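Chemist: Based on the provided sequences and hints, a complete structural model is requested.
Chains as they are written, first to last, in my numbering: chain P, 1 to 254; chain X, 1 to 433.
Think of the hints as simulated: they come from the structure by calculation, not from any bench. Be aware that one or more of the hints could be misleading.
To be verified - In silico lysine to aspartate or glutamate, EDC-like type, Cα no more than 20 Å apart, as pairs:
{"hint": "1", "chain 1": "P", "residue 1": "K18", "chain 2": "P", "residue 2": "E54"}
{"hint": "2", "chain 1": "X", "residue 1": "K359", "chain 2": "X", "residue 2": "D311"}
{"hint": "3", "chain 1": "P", "residue 1": "K113", "chain 2": "X", "residue 2": "D311"}
{"hint": "4", "chain 1": "P", "residue 1": "K108", "chain 2": "X", "residue 2": "E397"}
{"hint": "5", "chain 1": "P", "residue 1": "K129", "chain 2": "P", "residue 2": "E163"}
{"hint": "6", "chain 1": "P", "residue 1": "K14", "chain 2": "P", "residue 2": "D66"}
Unchecked claim - If you anchor each label on the Cβ, the simulated ranges turn out as follows:
{"hint": "7", "chain 1": "X", "residue 1": "D381", "chain 2": "P", "residue 2": "E112", "range": "24 to 32 Å"}
{"hint": "8", "chain 1": "X", "residue 1": "G139", "chain 2": "P", "residue 2": "L115", "range": "53 to 61 Å"}
{"hint": "9", "chain 1": "X", "residue 1": "A81", "chain 2": "P", "residue 2": "Q119", "range": "26 to 34 Å"}
{"hint": "10", "chain 1": "P", "residue 1": "N63", "chain 2": "X", "residue 2": "D381", "range": "30 to 38 Å"}
{"hint": "11", "chain 1": "X", "residue 1": "L362", "chain 2": "P", "residue 2": "T69", "range": "50 to 58 Å"}
{"hint": "12", "chain 1": "P", "residue 1": "L115", "chain 2": "X", "residue 2": "R46", "range": "53 to 61 Å"}
{"hint": "13", "chain 1": "X", "residue 1": "E382", "chain 2": "P", "residue 2": "Y204", "range": "28 to 36 Å"}
{"hint": "14", "chain 1": "P", "residue 1": "Q119", "chain 2": "X", "residue 2": "R321", "range": "21 to 29 Å"}
{"hint": "15", "chain 1": "X", "residue 1": "L362", "chain 2": "P", "residue 2": "G145", "range": "26 to 34 Å"}
Values in this document were obtained by computation on a predicted structure and should not be read as measured data. Glycine included, each C-beta is placed from N, C-alpha and C at the ideal position.
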Amino acid sequence: MLKIENLHARVAGKEILKGIDLTVNAGEVHAIMGPNGAGKSTLGNVLSGRDGYEVTAGTVTFNGVDLLTLEPEARAAAGVFLAFQYPVEIPGVNNTYFLRTALNAQRKQRGEKDLDSMQFLKLVREKLKVMQLPDDLLHRAVNEGFSGGEKKRNEIFQMALLEPRLAILDETDSGLDIDALKQVAAGVNLLRSADRAFLMITHYQRLLDYVVPDFVHVLAGGRIVESGDKSLALRLEEHGYAGIAARHPAELGA
Amino acid sequence: MSAGISPPLLASLLDAPLPASGIGWLDAARRDNREAFAAAGLPDTRVEAWKYTALRALSQRRFASGDAHAGACAIDAALYALPGVIGPRMVFVNGVFRGDLSALDQLPAGLQLQPLSGALAADAEALRFTLSRHYRDPGDAFARINAASASDGVVLRVAAGVQVTTPVQLVFVGALAPTDIAWHVRNVIELGEGSALELVEQHVGNGTQAHLGTQVSDIELRQGAQLRHVLVQNATGATLMRRSSVRIHQSARASMHMLELGGALVRHEVRVDLVGDGARFDGRGVFMPHGRQHMDTQLAIRHQALDTVSDAHWRGVASERGRGVFRGAVLVAPGADGSDANLTNKNLLLSDSAEIDTKPELEIYADEVQAAHGATVGQLDEQALFYLRSRGIGAGEARALLTSAFCRAVLGDMANAQLREHVGEMLLAHLPA
Numbered sequence: 001m002l003k004i005e006n007l008h009a010r011v012a013g014k015e016i017l018k019g020i021d022l023t024v025n026a027g028e029v030h031a032i033m034g035p036n037g038a039g040k041s042t043l044g045n046v047l048s049g050r051d052g053y054e055v056t057a058g059t060v061t062f063n064g065v066d067l068l069t070l071e072p073e074a075r076a077a078a079g080v081f082l083a084f085q086y087p088v089e090i091p092g093v094n095n096t097y098f099l100r101t102a103l104n105a106q107r108k109q110r111g112e113k114d115l116d117s118m119q120f121l122k123l124v125r126e127k128l129k130v131m132q133l134p135d136d137l138l139h140r141a142v143n144e145g146f147s148g149g150e151k152k153r154n155e156i157f158q159m160a161l162l163e164p165r166l167a168i169l170d171e172t173d174s175g176l177d178i179d180a181l182k183q184v185a186a187g188v189n190l191l192r193s194a195d196r197a198f199l200m201i202t203h204y205q206r207l208l209d210y211v212v213p214d215f216v217h218v219l220a221g222g223r224i225v226e227s228g229d230k231s232l233a234l235r236l237e238e239h240g241y242a243g244i245a246a247r248h249p250a251e252l253g254a
Numbered sequence: 001m002s003a004g005i006s007p008p009l010l011a012s013l014l015d016a017p018l019p020a021s022g023i024g025w026l027d028a029a030r031r032d033n034r035e036a037f038a039a040a041g042l043p044d045t046r047v048e049a050w051k052y053t054a055l056r057a058l059s060q061r062r063f064a065s066g067d068a069h070a071g072a073c074a075i076d077a078a079l080y081a082l083p084g085v086i087g088p089r090m091v092f093v094n095g096v097f098r099g100d101l102s103a104l105d106q107l108p109a110g111l112q113l114q115p116l117s118g119a120l121a122a123d124a125e126a127l128r129f130t131l132s133r134h135y136r137d138p139g140d141a142f143a144r145i146n147a148a149s150a151s152d153g154v155v156l157r158v159a160a161g162v163q164v165t166t167p168v169q170l171v172f173v174g175a176l177a178p179t180d181i182a183w184h185v186r187n188v189i190e191l192g193e194g195s196a197l198e199l200v201e202q203h204v205g206n207g208t209q210a211h212l213g214t215q216v217s218d219i220e221l222r223q224g225a226q227l228r229h230v231l232v233q234n235a236t237g238a239t240l241m242r243r244s245s246v247r248i249h250q251s252a253r254a255s256m257h258m259l260e261l262g263g264a265l266v267r268h269e270v271r272v273d274l275v276g277d278g279a280r281f282d283g284r285g286v287f288m289p290h291g292r293q294h295m296d297t298q299l300a301i302r303h304q305a306l307d308t309v310s311d312a313h314w315r316g317v318a319s320e321r322g323r324g325v326f327r328g329a330v331l332v333a334p335g336a337d338g339s340d341a342n343l344t345n346k347n348l349l350l351s352d353s354a355e356i357d358t359k360p361e362l363e364i365y366a367d368e369v370q371a372a373h374g375a376t377v378g379q380l381d382e383q384a385l386f387y388l389r390s391r392g393i394g395a396g397e398a399r400a401l402l403t404s405a406f407c408r409a410v411l412g413d414m415a416n417a418q419l420r421e422h423v424g425e426m427l428l429a430h431l432p433a
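Modeler: Encoded structure:
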């Protein structure tokens, strides 16, 4: 589904990604872990097309399409979803209106018909119930005045509604208490399916107790330095990133 | 204005014969204001209130007085039709009252609505105080020429205690004419004690014309009166110089929403006097200059009595080479203790060549006053833009969504829901692609 080869990227002239190779197949859940400044969020932002990230080498293909040439909205329509580390508050834009506009914009790009307001509302109610979110979330402005937990749950709710092929969760677990973390994890687990893949960017192993990954990769110094199964995350938790640094001095500048 | 030089604008406006009313005091007031206009001419940018609106180009233009066809030319009612607004209506075309387009039969009891010419013929004395004014300020050029030349306009009175339940619509159409013309209207609006009125005022264009229109409105709210006033200016190509003066007496309340969308060079001076204890003014405005439009809003609020409240929020969005000017001056006079004044103006620049000049001013001479004011000029939030795009919304639509949300923030409390919805759509339609 997603094939990243030798990806190099710069932010503000500074090289952050220094040759990422990663293949993600449909149905798989990959966790990307690593110390602060390793380039985890940069990877998510490059994949979703945020401005200010300059790809200097390498390729990213998504279901056979060169992802890097697409505008962010086209990537979304192709099935890429980024759950933001810091979801943006948008005063004055009603959440329901935003979601319907987004869904119909994606459908239009895919050559599908718009959902009318009745069809949309039915879908929304369904997803809200599954995600166990309160109705009033719909009537508020996008993320405005939401608590940290509500913002993250709103991200997962959007994901449920937009049904992406590839979901990138950028530190979705950060800033959550244990109850909120469980709710978010439950939402993600509900969306796991044979035709959907997840890239979970996280700093801690905690989320992986609830959303068990198929693969764990350690990103350090702009490269994936180790890959393994979920036991790699457990070892990291035990020994910290210091152990990685000892094994990969070049990547960590040690 | 240096002596001896009479720019074409001045000459052409002074060329127009004074309307003869046969009413001594009115003819005298017209003569005096005309002389004051001739003597002082146009303000230049050294006059503080005109600092950001230069009249050099306008001063070189000529306008014919009056339009012989305005009384009969065809006007499509779709120009001014509004959802949720069906009731009494007065329509003026190039300053000429059009009874055939107006709806003045079946006025509700207690509502007087008629052209100024008719009101003068019926009872001139009732208008004497308002219409004998002499405009003395150096910035008053257009008020002066209006006072000298306006022969018609709206007279609207609501009797004490009367609640007018259907909105009243005032429409000013700028219509194509063989030459560019100058037209002038003078409106007098009075709400009696404890009365209530919803008023919708529109400026629209029938074809792109480049007329000069001046309008002066005096609005008086007696004790306990309630006015809801929506003004939508969507004229095409016109130069419009308007002044709305609102006097609010004890416990009365005026709520005004003002949209500036059209025109080439437009200026609206809004003067609010809170003269009775507990009087309240709520003002909301949006101005959206694009192309080469120049839009100037001059808001002056004076708290002159105890416990008066003003709450004013304006938003500007300038794109292409559009230029916006906002001056918001709040004065709390000596003795107006317990006043509460809140004024903000937030602006968006959507292009490098757009410009907005904003100047909030606050002067306080009373005690126990709460006052806040602020102004900002910025660009669309890139984070928000990316957030929307990352969900599949195209860049253009995302920009429009954010811009319209920015404007709607000050229109959300417009009481007439259908009108609010419609105005929101007008905003969207007006946004640059």
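Chemist: All the hints need checking, so say for each whether the structure fits it.
Modeler: Tested hints:
1. With a C-alpha separation of about 12 Å, the suggested pairing of P:K18 with P:E54 holds against the 20 Å cut-off.
2. Simply put, X:K359 and X:D311 have alpha-carbon atoms about 16 Å apart, close enough for the 20 Å limit, and the pair holds.
3. The straight-line distance between the Cα atoms of P:K113 and X:D311 is roughly 45 Å, outside the 20 Å bound, and the hint therefore fails.
4. For the given pair, P:K108 sits about 13 Å from X:E397 by alpha-carbon distance, which is consistent with the 20 Å threshold.
5. Of the supplied pair hints, the one linking P:K129 and P:E163 holds, its CA atoms being roughly 16 Å apart against a limit of 20 Å.
6. This hinted pair does not check out: P:K14 and P:D66 have alpha carbons roughly 24 Å apart, beyond 20 Å.
7. Separated by about 30 Å at the C-beta atoms, X:D381 and P:E112 satisfy the suggested range of 24 to 32 Å.
8. For X:G139 paired with P:L115, a C-beta distance near 55 Å keeps the hint of 53 to 61 Å intact.
9. A hinted range of 26 to 34 Å holds for the C-beta pair X:A81 and P:Q119, which are about 32 Å apart.
10. Between P:N63 and X:D381 the beta carbons are some 32 Å apart, a value that agrees with the proposed interval 30 to 38 Å.
11. Distance hint check for X:L362 and P:T69: the Cβ-Cβ separation is about 53 Å, which falls inside the suggested range of 50 to 58 Å.
12. With their beta carbons about 59 Å apart, P:L115 and X:R46 fall inside the hinted range of 53 to 61 Å.
13. At roughly 29 Å, the beta carbons of X:E382 and P:Y204 sit within the given window of 28 to 36 Å.
14. Separation of P:Q119 from X:R321 is about 43 Å and departs from the stated range, judged on CB atoms against 21 to 29 Å.
15. Checking the proposed 26 to 34 Å range against X:L362 and P:G145 shows it holds: the Cβ atoms sit about 29 Å from each other.
When each numbered hint is compared with the structure, violations occur for hints 3, 6, 14.
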